[in-house]
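Colleague: For reference, the chains in residue letters:
Protein chains: 2
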Amino acid sequence: MEAPRTAEIVSVGTELLLGQIIDTHAATMARVLAECGIGCQRRATVGDNFARIVDTFKAALSRSDIVIAIGGLGPTNDDLTREAMAEAMGDELVFEEAYAEELKAWFAARNYTWVERNNKQAMRPKHGRMIPNPNGTAPGLIAEKDGKVMIALPGPKGEFDPMAEGSVREYLQSAGGGTIIASRTVRICGIGESAVDEILGDLMAQESPTVAPYAQTGEVHVRVTARARSKEEAMQEIVPVCDEIQKRLGKPVYGFDLETLESAILSELERRGETLALAESVTGGGIGRRVTGVPGASKVFSGGVVTYTVETKKQLLGIDPDLLAEHGPVSPEVAVAMATAVQQKFTAGYALATTGNAGPTSDVDGKPVGLCYVALAKPDGSVEVNEHKLRGIREDIRARLEQFALLKLWLSL
Amino acid sequence: MEAPRTAEIVSVGTELLLGQIIDTHAATMARVLAECGIGCQRRATVGDNFARIVDTFKAALSRSDIVIAIGGLGPTNDDLTREAMAEAMGDELVFEEAYAEELKAWFAARNYTWVERNNKQAMRPKHGRMIPNPNGTAPGLIAEKDGKVMIALPGPKGEFDPMAEGSVREYLQSAGGGTIIASRTVRICGIGESAVDEILGDLMAQESPTVAPYAQTGEVHVRVTARARSKEEAMQEIVPVCDEIQKRLGKPVYGFDLETLESAILSELERRGETLALAESVTGGGIGRRVTGVPGASKVFSGGVVTYTVETKKQLLGIDPDLLAEHGPVSPEVAVAMATAVQQKFTAGYALATTGNAGPTSDVDGKPVGLCYVALAKPDGSVEVNEHKLRGIREDIRARLEQFALLKLWLSL
Chain H
3 MEAPRTAEIV SVGTELLLGQ IIDTHAATMA RVLAECGIGC QRRATVGDNF
53 ARIVDTFKAA LSRSDIVIAI GGLGPTNDDL TREAMAEAMG DELVFEEAYA
103 EELKAWFAAR NYTWVERNNK QAMRPKHGRM IPNPNGTAPG LIAEKDGKVM
153 IALPGPKGEF DPMAEGSVRE YLQSAGGGTI IASRTVRICG IGESAVDEIL
203 GDLMAQESPT VAPYAQTGEV HVRVTARARS KEEAMQEIVP VCDEIQKRLG
253 KPVYGFDLET LESAILSELE RRGETLALAE SVTGGGIGRR VTGVPGASKV
303 FSGGVVTYTV ETKKQLLGID PDLLAEHGPV SPEVAVAMAT AVQQKFTAGY
353 ALATTGNAGP TSDVDGKPVG LCYVALAKPD GSVEVNEHKL RGIREDIRAR
403 LEQFALLKLW LSL
Chain P
3 MEAPRTAEIV SVGTELLLGQ IIDTHAATMA RVLAECGIGC QRRATVGDNF
53 ARIVDTFKAA LSRSDIVIAI GGLGPTNDDL TREAMAEAMG DELVFEEAYA
103 EELKAWFAAR NYTWVERNNK QAMRPKHGRM IPNPNGTAPG LIAEKDGKVM
153 IALPGPKGEF DPMAEGSVRE YLQSAGGGTI IASRTVRICG IGESAVDEIL
203 GDLMAQESPT VAPYAQTGEV HVRVTARARS KEEAMQEIVP VCDEIQKRLG
253 KPVYGFDLET LESAILSELE RRGETLALAE SVTGGGIGRR VTGVPGASKV
303 FSGGVVTYTV ETKKQLLGID PDLLAEHGPV SPEVAVAMAT AVQQKFTAGY
353 ALATTGNAGP TSDVDGKPVG LCYVALAKPD GSVEVNEHKL RGIREDIRAR
403 LEQFALLKLW LSL
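Here the protein sequences line up with chains H and P, keeping their order.
Per my numbering, the very first residue in the first sequence carries number 3; after that it's consecutive.
Per my numbering, the very first residue in the second sequence carries number 3; after that it's consecutive.
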């Protein structure tokens with residue numbers, strides 16, 4: 003199959019360089035390129051400065067077959083992409099009379115005042131054509147010259163998204179040499195990235211499909227990617243590798259692609275006809291939030307209590323006051339008592355309980371910041387408890403403990 | 003004052019070029035640079051390819067005083083930033099024995115298997131030093147050579163954010179050419195961006211301090227920014243403008259800078275010696291999570307229940323089965339009953355309850371996806387209930403309802 007073509011994306015806009023907005027368009031465009039089988043080797047962001055935009059376009063054109071510019075197509079003086087595109091390609095801008103008329107009509111129909119500078123949006127590179135924009139006034143542009151392609155898309159999300167997913171995707175598919183790139187993600191919990199790297203090293207070394215790990219909070223995601231003429235053909239390469247990864251890693255592989263740890267847990271519990279209850283102290287409802295984020299959670303999730311104070315631990319869960327007094331709320335004993343109590347309260351098969359000190363002060367009767375306990379009560383009446391010494395800010399400690407609690411449950415199933 | 007220095011940001015990671023994740027770090031870094039008075043002229047993104055990373059670093063170093071690299075500092079073979087940084091600066095990597103020992107201890111303390119490649123994270127450029135990373139194993143790096151500066155930060159959010167906002171911000175402030183950019187954020191809830199625009203139009207038009215609004219989920223944040231020789235000097239310009247904004251908008255201004263709506267609520271409740279209880283159905287614990295995210299929440303937050311099923315609404319809150327049968331769980335009547343019940347159960351002054359259908363299927367006895375109710379019970383015995391028809395995916399609906407519930411409580415105080 004012919005050599006796949008390469009592309010670069012250039013986002014234009016000073017607001018991006020000031021960090022005032024997050025560049026989601028570049029990610030969308032990159033995904034579309036990948037799905038069209040065109041390798042995106044670089045992305046760049048440049049402000050509303052003519053010389054720097056031209057310079058950035060030229061550098062990208064010198065390296066890649068296709069350069070896609072995002073933003074800077076509007077009517078105002080700091081919209082410079084159109085002019086810079088022509089300059090970088092050694093082309094000139096021509097005035098599209100017919101489109102100017104369309105524009106005037108568009109303004110008239112909405113009783114908007116017409117200002118001359120709107121005509122700027124009727125200019126296009128001589129070697130280019132306009133991409134219709136049903137959602138705004140600035141059309142996109144595609145120009146082909148000296149074997150290079152430049153595409154420019156407007157910045158507003160409501161205009162960019164339909165164009166990127168629509169006519170630009172179509173154009174790129176035909177430019178993609180008839181191949182596509184497909185991938186599948188293997189989701190792994192409970193072992194670190196370096197350990198995954200050790201176990202899958204030989205797979206990561208191979209040419210195709212490519213196997214690459216990405217560390218997430220308390221998880222590792224391994225992406226298996228292949229290029230082929232069709233998604234089906236690509237999957238014939240990808241699936242056996244995913245199976246091999248699952249075979250090597252076993253239980254820590256909880257799912258694929260967009261499946262979450264909590265959804266994997268709920269499916270398994272539902273399969274077993276089991277139920278789950280929660281007693282959250284330090285996580286304050288965070289585990290419940292994750293569990294109920296899964297559609298249909300009510301089939302498995304009985305309910306939960308957030309017993310954040312000593313009082314509510316006694317009152318709502320009936321934890322023995324002496325136990326609380328003796329060991330303090332942040333203790334394995336109390337975690338176990340909470341799990342058992344909530345398991346009975348909701349007559350649930352499994353119950354998770356969390357207690358700990360997420361900081362910032364260490365005044366939970368002298369228990370240090372980051373010291374947390376997770377208890378898991380099981381249908382057979384047994385209860386397991388783990389101690390965690392977590393670092394980081396309050397937010398991280400709580401997020402990690404949510405993850406460790408769900409991890410504990412998953413690995414026990 | 004001397005000319006502020008220039009910087010470029012380089013994000014490293016093939017997953018960015020595939021559009022699989024959105025680059026929020028680059029925006030954070032850009033904002034920090036701006037606030038330190040350092041102009042960021044370009045941003046680039048490159049994949050896990052040694053030659054291209056080096057080439058991108060070199061190009062950036064040739065144009066700018068400071069180059070900041072994000073990602074690629076981990077232990078695996080496709081983490082290449084450390085090596086590329088040394089190569090681009092014409093420096094060599096040296097092994098930091100002491101840090102390797104720390105790492106080994108870190109792994110041992112957690113019973114994680116130690117693998118040799120972790121030693122990679124103990125390498126640093128000869129002309130550089132390590133930036134401590136209290137939240138992970140890969141330290142950041144700062145190297146100064148031939149009048150240029152390179153900074154490298156780890157990719158995981160929990161490690162990147164504290165480092166960027168902490169030691170890196172401090173370093174950049176001193177590098178910022180004697181001036182700093184200080185800003186204060188006015189946090190507003192309950193009115194839209196366009197309304198804020200109307201009311202603050204004249205302030206937004208002025209040169210300095212600059213006044214810029216940013217729309218958030220259910221909130222608007224207005225950033226007031228000024229450049230000066232010191233933070234104190236800048237604040238003398240900024241504070242009066244913030245006061246004026248608060249005077250014009252009133253109650254919807256709930257706080258400043260990093261203060262959250264939930265922390266504003268808890269402070270006000272504590273001031274009044276009041277307490278709060280929660281009964282969450284559709285939000286599944288999300289409001290409890292936000293409330294307990296505030297340090298010292300236990301002074302005000304009595305506790306909560308997550309009654310996700312009809313059964314638990316009856317059993318745990320004693321909601322009248324006839325009421326549930328007649329109106330269905332997604333109804334104003336049940337929301338009110340939940341709020342009253344949990345208020346009594348925890349003998350709390352205020353109680354919030356949520357019920358609704360977050361989708362994706364509309365099978366909650368035919369109640370449409372997005373239909374949700376928030377009830378607020380107050381110390382005077384009165385109960386208010388609001389209906390919300392929310393659009394978007396399950397996740398958005400739940401997040402917005404959390405916000406609306408807290409908003410309801412705040413505006414009633």
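The set of hints was computed from the structure by calculation and includes no laboratory data.
Some hints here could point you the wrong way.
It does not matter which identical chain is used: a pair holds within one copy or between any two.
[What the hints assert, rightly or not] Below, computed lysine-lysine pairings styled on BS3-like, alpha-carbon distance capped at 27 Å:
#  : residue 1 : residue 2
1  : LYS147    : LYS233
2  : LYS122    : LYS369
3  : LYS159    : LYS410
4  : LYS159    : LYS391
5  : LYS369    : LYS60
6  : LYS316    : LYS150
7  : LYS391    : LYS301
8  : LYS233    : LYS128
9  : LYS233    : LYS410
10 : LYS369    : LYS253
Colleague: Does each hint hold? Answer for all of them.
Modeller: Each hint, compared with the structure:
Taking the closest pair of Cα atoms, LYS147 and LYS233 never come within 27 Å of each other, the shortest separation being 29 Å inside a single copy and 49 Å across copies. In this assembly of identical chains, the alpha carbons of LYS122 and LYS369 never lie at most 27 Å apart, being 56 Å within a copy and 34 Å across copies at closest. In the homo-oligomer, the alpha carbons of LYS159 and LYS410 lie at most 27 Å apart only across protomers (23 Å), although the nearest pairing inside one protomer, at 31 Å, exceeds that limit. In the homo-oligomer, the alpha carbons of LYS159 and LYS391 lie at most 27 Å apart only across protomers (20 Å), although the nearest pairing inside one protomer, at 33 Å, exceeds that limit.
With identical chains, the CA atoms of LYS369 and LYS60 are never at most 27 Å apart, being 59 Å at best within one copy and 49 Å at best between copies. Neither within a single protomer nor between protomers do LYS316 and LYS150 lie at most 27 Å apart by alpha-carbon distance, with minima of 67 Å and 61 Å respectively. In this assembly of identical chains, LYS391 and LYS301 lie within 27 Å of each other by CA distance solely across copies; the values are 25 Å between and 33 Å within a copy. When the C-alpha separation of LYS233 and LYS128 is checked against a cutoff of 27 Å, the pair qualifies neither within a copy, at 34 Å, nor between copies, at 47 Å.
For a Cα distance limit of 27 Å, the shortest separation of LYS233 from LYS410 qualifies neither inside one copy, at 36 Å, nor across copies, at 47 Å. In the homo-oligomer, the alpha carbons of LYS369 and LYS253 never lie at most 27 Å apart, since the shortest distance is 34 Å inside one protomer and 39 Å across protomers.
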